[in-house]
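This is what each chain is made of:
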Amino acid sequence: MNNPFLFGAFALVTVVFFIHNWLMSSRQKRLEKKLKKLKAQIKDRP
Amino acid sequence: MTTKVLGLLAFVAMLVALYMIFLFAPTEATQGNAQRIFYIHVPLAIVGAYGSAILLFTGCLAFLTTRDFKWDRFAACSAEMGVVFTTAQLLTAIMWAKPIWGAWYTFDSRGTLQLVLLLIFIAYFMLRSYLPDREKRAKLCGVFGLLGMVDVPINYLSIYLFRTQHPQPVVSPGGGGLDPDMEKTFLVSFIAITLFYAYVFVKRLRLAKIEEEVEYLNQVVLANE
Numbered sequence: 001m002n003n004p005f006l007f008g009a010f011a012l013v014t015v016v017f018f019i020h021n022w023l024m025s026s027r028q029k030r031l032e033k034k035l036k037k038l039k040a041q042i043k044d045r046p
Numbered sequence: 001m002t003t004k005v006l007g008l009l010a011f012v013a014m015l016v017a018l019y020m021i022f023l024f025a026p027t028e029a030t031q032g033n034a035q036r037i038f039y040i041h042v043p044l045a046i047v048g049a050y051g052s053a054i055l056l057f058t059g060c061l062a063f064l065t066t067r068d069f070k071w072d073r074f075a076a077c078s079a080e081m082g083v084v085f086t087t088a089q090l091l092t093a094i095m096w097a098k099p100i101w102g103a104w105y106t107f108d109s110r111g112t113l114q115l116v117l118l119l120i121f122i123a124y125f126m127l128r129s130y131l132p133d134r135e136k137r138a139k140l141c142g143v144f145g146l147l148g149m150v151d152v153p154i155n156y157l158s159i160y161l162f163r164t165q166h167p168q169p170v171v172s173p174g175g176g177g178l179d180p181d182m183e184k185t186f187l188v189s190f191i192a193i194t195l196f197y198a199y200v201f202v203k204r205l206r207l208a209k210i211e212e213e214v215e216y217l218n219q220v221v222l223a224n225e
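Here the protein sequences come in this chain order: U and W.
All residue numbers for the first sequence refer to my numbering, where the first residue is 1 and numbers rise by one.
All residue numbers for the second sequence refer to my numbering, where the first residue is 1 and numbers rise by one.
None of these hints come from the bench; they were simulated from the model.
Cβ atoms here follow ideal geometry from the backbone N, Cα and C, with glycine treated the same way.
Honestly, I wouldn't trust all of these hints.
[As the list claims (entries may be wrong)] One-sided excerpt, in silico: chain W residues whose CB lies under 8 Å from chain U:
1. R137
2. G174
3. N218
[As the list claims (entries may be wrong)] Subject to a maximum C-alpha distance of 30 Å in a straight line, what follows is the list of computed DSSO-like cross-link-like pairs (lysine-lysine):
4. W:K98 - U:K37
5. W:K98 - U:K34
6. U:K29 - W:K209
7. U:K34 - W:K209
8. U:K39 - W:K70
9. W:K209 - U:K39
10. U:K36 - W:K203
11. W:K70 - W:K209
12. U:K36 - W:K98
13. W:K136 - W:K209
14. W:K136 - U:K36
15. U:K29 - W:K184
16. W:K136 - U:K39
17. U:K33 - W:K203
18. U:K43 - W:K70
19. W:K4 - U:K39
20. W:K184 - U:K33
21. W:K4 - U:K29
22. W:K70 - U:K37
23. U:K34 - W:K70
24. W:K4 - U:K33
25. W:K209 - U:K33
26. U:K34 - W:K203
27. W:K209 - U:K36
28. W:K203 - U:K37
29. W:K184 - U:K37
30. W:K184 - U:K36
31. W:K203 - U:K39
32. W:K136 - U:K29
33. U:K37 - W:K209
34. W:K203 - U:K29
35. W:K139 - U:K34
36. W:K136 - U:K33
Extracted from the complex, chain U is given alone in its bound form (with noise of 0.2 Å):
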């Protein structure tokens, strides 16, 4: 099982993966809160 090329594309696979959810993760966290921000701001209007 010690095949250098089967582990590195599972590795691949893993990292691609990884780095997309983190972005989106990360994407959500900032426009949750900007929406939070933004409701705030309506909210408070005259």
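Following the hints, put chain W in place on chain U, whose structure we already have.
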């Protein structure tokens, strides 16, 4: 709730698939352990690349016929999934090609058309970012998404139509078939990748909805200033 259930199912299926790929499936006689890459490469191609292209096509067609922006959002999410999954699939392809063919990449028809598919997904995003007007962007990207689908049938049939270095069909029609244990492993792997795809897609759709809400509220605030 749906996302959590999907995530849990995908995680369990992934664990079972990994066990089957590394410990259960027999070693192929000619390719050795490098053949095990096949169990993720093929599902990534079918679900990830072709599936995303079909979803993109569906989203674009639905938008152009209904003019409902939720379909534009759906198409954009499909294209992003296409970029991620096709990249992963092409990486597994080069990791398999090096020990088997002796080269990381050869410009054979299937590989090149798959690369073209990835470039179509990327080009879709480039087009989106160049167009600030929402309606114009959705319309033009819709047309582009429809045209992008042209690659998929040619890509799929390329191993039947052209002389190619890519392995001949194994699980596709006219293929030689698999050993029963390999077939079980492939099936579990396919289910695991499909569940994972569904999980990420649902998550991405949710994020797209938040993006749209932020854009709308931003406009409301700017209009009142």
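### Query
Holds or violated: are the alpha carbons of K209 (chain W) and K39 (chain U) at most 30 Å from each other?
Roughly 16 Å between the alpha carbons, so the hint for K209 (chain W) and K39 (chain U) holds.
### Message
So if I understand the rule, the pair passes when the alpha-carbon distance is 30 Å or less; does K34 (chain U) with K209 (chain W) pass?
### Response
Judged against 30 Å, a Cα distance of about 14 Å means the pair holds.
### Task
With a cut-off of 30 Å on the C-alpha distance, tell me whether K98 (chain W) and K37 (chain U) pass.
violated, 51 Å
### Message
Hint check: K34 (chain U) vs K203 (chain W), CA-CA at most 30 Å. Holds or violated?
### Response
holds, 19 Å
### Query
Can the restraint linking K29 (chain U) and K209 (chain W) be considered satisfied, given a maximum Cα separation of 30 Å?
Holds - the C-alpha atoms of K209 (chain W) and K29 (chain U) are around 13 Å apart, at most 30 Å.
### Task
Assess, step by step, whether the Cα of K136 (chain W) is no farther than 30 Å from the Cα of K29 (chain U), and give holds or violated.
Roughly 29 Å separates the two Cα atoms, so the pair holds.
### Query
CA of K136 (chain W) to CA of K209 (chain W), is that 30 Å or under?
holds, 19 Å
### Query
Does K136 (chain W) pair with K33 (chain U) here, judged by a C-alpha cut-off of 30 Å?
The hint holds at about 29 Å.
### Query
Keeping to a limit of 30 Å between CA atoms, is the pair of K33 (chain U) and K203 (chain W) held or broken?
Status holds; Cα separation ~18 Å.
### Query
Quick one, are K29 (chain U) and K184 (chain W) close enough, alpha carbons at most 30 Å?
violated, 40 Å
### Query
Against chain U, is G174 (chain W) within 8 Å by beta-carbon distance?
Interface hint status for G174 (chain W): violated (26 Å vs cutoff 8 Å).
### Message
With the threshold set at 30 Å, check whether the alpha-carbon distance from K70 (chain W) to K209 (chain W) stays at or below it.
### Response
holds, 9 Å
In this structure, the earlier hints numbered 1, 2, 4, 5, 12, 15, 20, 29 and 30 are contradicted, and the remaining ones agree with it.
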